[in-house]
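Fit chain B to the known structure of chain A by using the hints.
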Amino acid sequence: MSKWIKVCELDNIYPSTGVCALVDGKQVAIFRPSEENKVYAINNMDPFARSNVLSRGVICEHQQQLWVASPLKKQRFNLIDGSCLENSEVSVETYQARITDGQVEIHL
Amino acid sequence: MSKQKLVIIGNGMVGHRFIEDFIEKADLEQFEITAFCEEPRVAYDRVHLSSYFSHHTADELSLVKEGFYEKHNINVLIGERALTINRQEKVIHSQTGRAVYYDKLIMATGSYPWVPSIKGNESKDCFVYRTIEDLNAIEATARRSKNGVVVGGGLLGLEAAGALKALGVETHVIEFAPVLMAEQLDQQGGQMLRNKIESIGVKVHTGKNTQEIVVGGESARNTMKFADGTELEVDFIVFSTGIRPQDKLAKQCGLATGRRGGITIDNQCKTSDPDIYAIGECASWNDKFFGLVAPGYNMAKVAVDNILGRDNEFTGADMSAKLKLLGVDVGSIGDANGRTPNCKSYVYLDENSSVYKRIIVSEDGKRLLGAVLVGDTESYSDLLQYTLNDIELPKHPDSLILPAHAGGEKVGLGVDALPETAQVCSCFDVKKSDIADAVAAGHCTIGAIKAETGAGTGCGGCIPLITQVLNSELAKQGVEVKNHLCEHFEYSRQELFHLIRIEGIKTFKDLLVKYGQGYGCEICKPTVGSILASCWSEYILSPENNGLQDTNDIFLGNMQKDGTYSVIPRMPGGEVTPKGLMAVANVAQQYELYTKVTGAQRIGLFGAHKGDLPDIWKQLIDAGFETGHAYGKSLRMVKTCVGSTWCRFGVQDSVGFGVELENRYKGLRTPHKIKFGVSGCTRECAEAQGKDVGLIATDKGWNLYVCGNGGMKPKHGELLAVDLDNETLVRYLDRFMMFYVRTADKLTRTSVWLQNLEGGIEYLKEVIINNKLGINEQLEKEMADAIDSYQCEWTKTLSDDKQLARFAHFINSDEHDDNVVFTPERAQKRPAFLDEKTPTYNISLEEV
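In order, the protein sequence lines correspond to chains A and B.
Under our numbering, the first residue of the first sequence is numbered 1, with each subsequent residue one higher.
Under our numbering, the first residue of the second sequence is numbered 1001, with each subsequent residue one higher.
Treat the hints with care, as some may be off.
[What the hints assert, rightly or not] In silico negatives: residues of chain A with every beta carbon more than 10 Å from chain B: (1) Lys38; (2) Lys74; (3) Thr100.
[Claimed, not checked] Each computed PhoX-like pair below joins lysine-lysine, with the alpha-carbon atoms no more than 20 Å apart: (4) B/Lys1225 to B/Lys1146; (5) B/Lys1561 to B/Lys1509; (6) B/Lys1673 to B/Lys1715; (7) B/Lys1476 to B/Lys1322; (8) B/Lys1450 to A/Lys73; (9) A/Lys26 to B/Lys1065; (10) A/Lys73 to B/Lys1431; (11) A/Lys74 to B/Lys1450; (12) B/Lys1065 to B/Lys1450; (13) B/Lys1476 to B/Lys1431; (14) A/Lys38 to B/Lys1450.
FYI, nobody ran anything at the bench for these hints, they're computed from the structure.
In this text the structure is predicted, and so the values were computed from the model without any measurement.
Built from N, CA and C at the ideal position, the CB exists for glycine as well.
Chain A on its own, in the form it takes in the complex:
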């Protein structure tokens, strides 16, 4: 079973911030790094603290890639593959995300 699920309007996400959406019972952190029509989606749970906070982190660039720094202890997670910059053994789930007619859609 696979389908794209609408979660919100792109305009509801300030550029360079993230939001959290409830998609099929999962907490998904969605990031909009800039004004451009591009969003990324990863699991919202910080795997170190096991708290649902990643959507509230600062989006950052390192090694020419985009990451989010956990708001708790600042470990950084890759927005594309979910890997953790500080600990290669840890990662978070990532999901497909797209914008259709100004709507943000997620595919689990």
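For chain B alone, coordinates are given in the frame of chain A:
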């Protein structure tokens, strides 16, 4: 293959050092390590034993981090004494009957205090000075005594005399020789030391041979009788008449011992039995034993290397020493008594300031053989390097000990003159090249070098020298201390601040385009966000600024570990009305918030869901509160005592003034958080000297202290100005705050900022009081603008519907985060531990 059994007898400084070094170098899988520790506690710092009287915690002195031995699987038998060694069967029996087998045995049994056989020395008023137990006994006795005597005027004896003096008893020192510290000082140096010690009230008796101690006396509990017929009445006696190697076990098992005692060892620290090593004070090398810790550490290292099959030899030790005895600086190097044939001396004597210096040079005047320094040991480390590294002396060697005003040039031995092999830290045998290597590997602070090389972590006397080597190495590498903000901006915070202000830059994006590169990161975004807020006092959650804000600022609350927030309304000066308290209580009850008085004289409510924050704050603001900025790098609070308004000692209105200051500076974004304290009198109940800004009331006004700190690195504030009236004080503070905002590096508290400010407090005074930089008018203007544009961020946020939408946990649902779970505790609640809640989501993390 079975593990090799390693046993260490003795857990003093050297025994512990052996274990540390062994852990660092060996593959521990292959060894089973057992250590006997006769004392009731593991290794502690005997060198700084006297400091026990000032803090009274054995933990302070301990050399062993908690859990260290357990972590490395080392079996330490505390309170257990090795009674016998059976060398044929390689087994040790302890006093509990335990049998411990060994393949290699290390004896680090140390020494014992030697007490001359004087009649009466077994009285319960007689002590020695070696263990924490000794100190406890001495202190207990001192409490019921008027006076005490130390027998022995050597290094340790004077140390003990200092302790007795600090315990508040009349203190005497008895020395058999005609001078104090005869081992280390020449006659004139000893005399100078004696003068200084007597001037602080310690009574010194030299050339005295104690014959008998008899119980009873007219004014004290005991009477000491000397060979010359004189007597001294004293309550108690501490013997510090030297140490002897503890070689009892060695004799019991038939190991060779030295003529003057001690377990005989070779250059590998091996005893006459090749499977047994001896290190530290118990060892006798070339019929010499060493009562200092540095040679012991060195032997520990040699023994470790030999057991692991590496080449290393003990080749003797330098017995030079620099210390502070009874407040007097004393240094002794090499041949201090000038016993080398045909040597020559240079002497400098200043009776006015009680300074005596003597250097002993070789016949040709080219090499330094020894030195004695009393009252001023500044040149100690330079002089020591001359002897240790055999460096050729300058043409006029006396210039090394003459003060600058006496026509002597400041020759000073530049560190560049030291050979790479020069030993910088003698406690841990760290060479100049080791430090250079550490710097090259990127350890560019004293702290990092200490951690990497161990240098400076023993007696600490070499830290000035390490600093010189560090600076010289950095300069050589052409390393400028880089304070670039991050990979996106090649500017320091201070530089960015000026660029933003001068060019009127209002957004992160504009700054990045003009002066940076790439996208930005978690370092530069919040820093620039803070500078923009400091400069333009704009709303930090505006669409342009929102994404720059760090964890706490972005939702105007401190995020807790479970993702909930704390709510802390401002209570200026710690004042709150009963009605206000009721409003706080109501909201806390309604939202079931954990409630606690914080360290900042205000009330914190914890465990608020993000989605509830707007409603909670609306109720608080309706009740007259405003945001407390507990989440911001900004003024947190002003701690006050009740002052002259209520207190019968107060001399100024500390609460009133504290409230005024808190309201004046609230909301201003600063490089790091700022705390104030205002005390109404010199009793200092507001602990103002531990704050970034501290005011202490005087009869005439206020004394202003700045750049103090509590927390991680406590530091007292430094006095900037005295007896200020309110108006002048506020002007100084405006300037101080803005100068800090302008010039500090990112996330730098005022204490560290001042530490790094060239010229320190004197420079700061010049700037703030005497307008050295001519910027004071500007600073005051900038502060006035910031004050004018203050707004309560929560009030502003509540008036903006688009903002409020951000606070819901889900952008597409009204539900709360069901992973936030609480557990009842002491009539309130706390976040549930992980094992108390059912995991709701699968996450792709292996069990951690």
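Does B/Lys1146 sit within 20 Å of B/Lys1225, going by the straight-line distance between their CA atoms? 19 Å, holds
Regarding the assertion that A/Lys74 does not contact chain B, is the least Cβ-Cβ distance greater than 10 Å? 6 Å, violated
Going straight from one Cα to the other, do B/Lys1476 and B/Lys1431 come out at no more than 20 Å? OK: B/Lys1476 and B/Lys1431 at ~18 Å, within 20 Å.
Holds or violated: B/Lys1561 and B/Lys1509, Cα atoms, limit 20 Å. Given pair B/Lys1561, B/Lys1509 is violated - Cα atoms ~31 Å apart, limit 20 Å.
Under the criterion that the straight-line Cα-Cα distance not exceed 20 Å, is the pair A/Lys74, B/Lys1450 satisfied? Violated, at roughly 27 Å.
Given hint B/Lys1065 paired with A/Lys26 - CA-CA distance at most 20 Å: Violated, at roughly 44 Å.
10 Å Cβ clearance of A/Thr100 from chain B: About 15 Å separates A/Thr100 from the closest Cβ of chain B, which puts it past 10 Å; holds.
A/Lys38 remote from chain B - nearest C-beta pair above 10 Å: Answer for A/Lys38: holds, closest chain B Cβ roughly 12 Å.
Between B/Lys1450 and A/Lys73, does the CA-CA distance stay at or below 20 Å? 27 Å, violated
Given the hint that B/Lys1673 pairs with B/Lys1715, does the C-alpha gap stay at or below 20 Å? 16 Å, holds
Are the Cα atoms of B/Lys1476 and B/Lys1322 separated by 20 Å or less? Status violated; Cα separation ~30 Å.
Quickly compare the C-alpha distance for A/Lys38 and B/Lys1450 to 20 Å and report which way the hint goes. Since the Cα atoms of A/Lys38 and B/Lys1450 sit roughly 48 Å apart, the hinted pair is violated (cutoff 20 Å).
Violation of the numbered hints given earlier is confined to hints 2, 5, 7, 8, 9, 10, 11 and 14; the remaining hints are satisfied by the structure.
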